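Participant: Order-wise, the sequence lines are chains W and E.
Mapping of the first sequence onto my numbering: position 39 corresponds to residue 748, and the numbering continues sequentially without gaps.
Mapping of the second sequence onto my numbering: position 45 corresponds to residue 587, and the numbering continues sequentially without gaps.
Check before you lean on any hint, since a few could be wrong.
Listed next, with one range per pair, are the computed distances between beta-carbon atoms [claimed, not checked]:
id : chain 1 : residue 1 : chain 2 : residue 2 : range
1  : W       : Gln820    : E       : Met557    : 34 to 40 angstroms
2  : E       : Glu625    : W       : Lys777    : 40 to 46 angstroms
3  : E       : Glu556    : W       : Asp763    : 49 to 55 angstroms
4  : W       : Lys822    : E       : Pro550    : 33 to 39 angstroms
5  : E       : Glu604    : W       : Glu773    : 37 to 43 angstroms
Hint data in this document are derived by calculation from the structure and do not stem from the laboratory.
Predicted model only: the values in this text are computed from it and were never measured.
All C-beta atoms in this analysis are idealised placements derived from N, C-alpha and C, irrespective of residue type, glycine included.
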Amino acid sequence: AQSVTQPDIHITVSEGASLELRCNYSYGATPYLFWYVQSPGQGLQLLLKYFSGDTLVQGIKGFEAEFKRSQSSFNLRKPSVHWSDAAEYFCAVGARGNTGKLIFGQGTTLQVKP
Amino acid sequence: DAGVIQSPRHEVTEMGQEVTLRCKPISGHNSLFWYRQTMMRGLELLIYFNNNVPIDDSGMPEDRFSAKMPNASFSTLKIQPSEPRDSAVYFCASSHRGDNEKLFFGSGTQLSVL
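Bound-form chain E, shown alone (with noise of 0.2 angstroms):
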């Protein structure tokens, strides 16, 4: 398997631009999570779905950021508009639900908002 994928790698937009983000999750993974890391608040969880479902999205810091997934593999991470304290590195997790598992970790979305 390749493992959770995200696209873009790197991405660097302007201030009040629509961002978008793309997560492929492991194959028969049910559980999906996004993680942001920045340098003064760490690594928070945003939003994360179980089958699809969004169950909680408490850590979706405003209501510019959205996450959908449409199916069960595939993810997107949409910021509208975006700001420059919006820049961080996205990270895109999956797990399969039940089994007390690890997460695991796609390599991440660095995005500069300038």
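Here chain W stands alone, though its shape is the one from the complex (with noise of 0.2 angstroms):
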């Protein structure tokens, strides 16, 4: 079956810390990867996607990912948080050719501390 998993629903980090949200998957085919955020009472927008080459992908913000297909996974990661970051935060997969249709995990809250 086809899956997403983030298996923390809520991380708490100080401002400045690094920050890392897992995701692992279950795909048939050779996965679309992505990361999406959402503020509160906002759409979802794109930080990155990974399609192909380097498993090592940047996004916006300040974050990257990391594609890792031995583990099934790709995580997000920032160095320094700012608390600005404070949101929800989705980890989708989806297939070559029709990326919008897209199967998301159950997301994971962030939240800052000052």
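Quick one: dock chain against chain with the hints and give me the complex.
Facilitator: Shown next, in the form of structure tokens:
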């Protein structure tokens, strides 16, 4: 079955600390992988995506993610978190040629302490 | 561009009533998606259109749900009759198919069925 698992429902980090949000996927075909961020009352915004090539991808707002095929993971990282990063983060997987039909994880809520 | 526009932002209705949610995709985008977000099930794809044609409606939960896209700049999602378990945030998203590009999400419609 195709699925995306985000093991951490809620994470709290101090401002300036590093961040890693975990994502594991189960997908039959070669996956296209995404991280989206949702601020309260807003729609989702794409942070970054991986289709092929370099397994370390850079996104907006200083985020990066690393695709590890052997671990079926696509973890999101940021070296120094800002208070404005507090939001909900979603990992998603899609198929080649149809990347709008996404399977989303349950999301991880990030709280940032001053 | 104003982005994906959804209306209304909030809808409160009584069980049994008809509800119509509206979406205007980004101009030039030829794919449109309706997603539903609930605490229990997370983000789920309900239906998507390519060039105004419904391609996959396997995510539509019941016959009470229907979606149309009469032209490239407008889509509706209708629930008739509505039930309390339909309460959720409904997102519309659009993309330009073929570019493997990102989804652009609207701000969503918060639906409460009493």
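Participant: Are the hints correct? Go through all of them and say.
Facilitator: Evaluation of the provided hints:
no.: 1; hint: W:Gln820 with E:Met557: 34 to 40 angstroms; in the structure: holds (35 angstroms)
no.: 2; hint: E:Glu625 with W:Lys777: 40 to 46 angstroms; in the structure: holds (42 angstroms)
no.: 3; hint: E:Glu556 with W:Asp763: 49 to 55 angstroms; in the structure: holds (53 angstroms)
no.: 4; hint: W:Lys822 with E:Pro550: 33 to 39 angstroms; in the structure: holds (36 angstroms)
no.: 5; hint: E:Glu604 with W:Glu773: 37 to 43 angstroms; in the structure: holds (41 angstroms)
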